[in-house]
Amino acid sequence: MEKSGTQTPLSLAAAEAVRTYAATARSALDSAESPVISYAGLWLLLASLAPAAETETDEVLGLNRADARAAALALLEAPHPTIGAAVAGWLRPGVELTKALPVMLDPLPEQAGLDAWADEHTRGLITEFPLEIDSSTLLVFASALVVTPRWSEPLDDDGDGLLLLEGGFQAVVETEAAGPVAVACPSSEDGISVYSVVAADGVSAADVWLAADEVVRRIDSGEVRNRTFEPGTDAAGGHAWAVEEVTVFGGAPADRWRSHLPEWSAEDRHDLDAAPGVAEIARGVMAAVEKESEAACVQKAVASYDREGFEAAAVTGMMVRAGGAPRETTVRQIDLRFDRPHAVVAVARGGAWEGIPLFSSWVTPA
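If you're matching positions, the sequence shown starts at 1 in full-length UniProt numbering and goes up one per residue.
Worth flagging that the hints you see were computed from the coordinates, not collected in a lab.
We treat Cβ as the ideally placed atom computed from N, Cα and C, and that holds for glycine.
Careful: at least some of the hints might be erroneous.
Computed Cβ-Cβ distance ranges for the label pairs, DEER-style [said to hold, decoys possible]:
1. Asp268 - Arg225: 32 to 38 Å
2. Ala274 - Glu244: 24 to 30 Å
3. Gly94 - Asp273: 23 to 29 Å
4. Thr98 - His260: 57 to 63 Å
5. Arg123 - Lys291: 33 to 39 Å
6. Ala287 - Ala205: 35 to 41 Å
7. Ser135 - Leu164: 24 to 30 Å
8. Glu245 - Glu189: 29 to 35 Å
9. Gly159 - Pro79: 36 to 42 Å
10. Glu153 - His239: 26 to 32 Å
11. Thr228 - Ser136: 54 to 60 Å
Starting from the given sequences, assemble the full structure and let the hints guide the process.
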């Protein structure tokens, strides 16, 4: 929960831009139920490349091209006790560019070199680069983001298979999007707050995320205090909290708050071509390549939460590869029609299973 350092007007604007971008991208990608994703990692990559865009980026990144690039550089150069961040670019030797790009370009390595970059810049959490390069790959850009905060005190075992938090931040908060939610955040001295927010059964994931955004914003502004029930919530018990009288010995009388949290880990891979800003900035980057080209943007992300702390990493990659319209040619066209009842069989290939029919079906078209 601790905050450190002084924010500049640009860093304040960047923080708001990333918060807004996260909500916009979550909706655009329909990723509210993704096991783990880093919108900040994607924003960092796009902001670093923003000057390459052919139009202004205010609407998609929350900042214009110059400010987005400046904010990304400031974040990359800012020391933080547990955040690691990097942006890099690679160009295939021999490929000519028609204009300079805002990220310094090194010679494109083999796949193993990109894997090593991902491993180094995620503290070993991600060992494989999310994009596979081949002979058509012309340009590659990537961002890496990793956080590894430790709890100030390890969490206990509650005896029922969950982690037990007795300190940190705990509250019940009334939200506009999801009604009353329970919030828990272990204390950490590493400059990272990891909030868990739970709403009632039946509330959509999208609305829980809106509620979580609201909770964090109100905590940061001082509107929501630790170990309190918000007006409108039920201090006698609710969908995720129970209240009872207990006897304790010693110390001043005070409410005793406890959160029961799961230990978990997750990994995910995301196609980000439809994310806000990707197409606009990819077009600007492709315009720098003399050859006709196409682009792809992908992210790999991992995270885990245990009694000692939290760790998460993401590598976001954008690749430009040679494209072009296919050559015209003349071929015979043969149409096979399976519009009457017919058989389908699945046959194994390879090794001891070679030739074994595994599944057979008789298909009767409607």
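Here is how each hint holds up against the structure:
1. In this structure, Asp268 and Arg225 meet the distance hint of 32 to 38 Å, their C-beta atoms being roughly 34 Å apart.
2. For the pair Ala274 and Glu244, the supplied restraint of 24 to 30 Å is violated, since their beta-carbon distance comes to about 48 Å.
3. Under the hint 23 to 29 Å, the C-beta atoms of Gly94 and Asp273, about 27 Å apart, fit the expected range.
4. Hint check: Thr98 to His260, Cβ distance near 58 Å, so the stated range 57 to 63 Å holds.
5. Between Arg123 and Lys291 the CB atoms are about 36 Å apart, so this pair conforms to the stated range of 33 to 39 Å.
6. Under the hint 35 to 41 Å, the C-beta atoms of Ala287 and Ala205, about 37 Å apart, fit the expected range.
7. As the Cβ distance of Ser135 to Leu164 is approximately 55 Å, the hint placing it in 24 to 30 Å is violated.
8. At roughly 34 Å, the beta-carbon separation of Glu245 and Glu189 lies within the given 29 to 35 Å, and the hint holds.
9. A hinted range of 36 to 42 Å for the beta carbons of Gly159 and Pro79 is consistent with their spacing of about 41 Å.
10. Range check, Glu153 to His239: about 28 Å between beta-carbon atoms, so the 26 to 32 Å window is met.
11. Between Thr228 and Ser136 the C-beta distance comes to about 58 Å, which sits within the given range of 54 to 60 Å.
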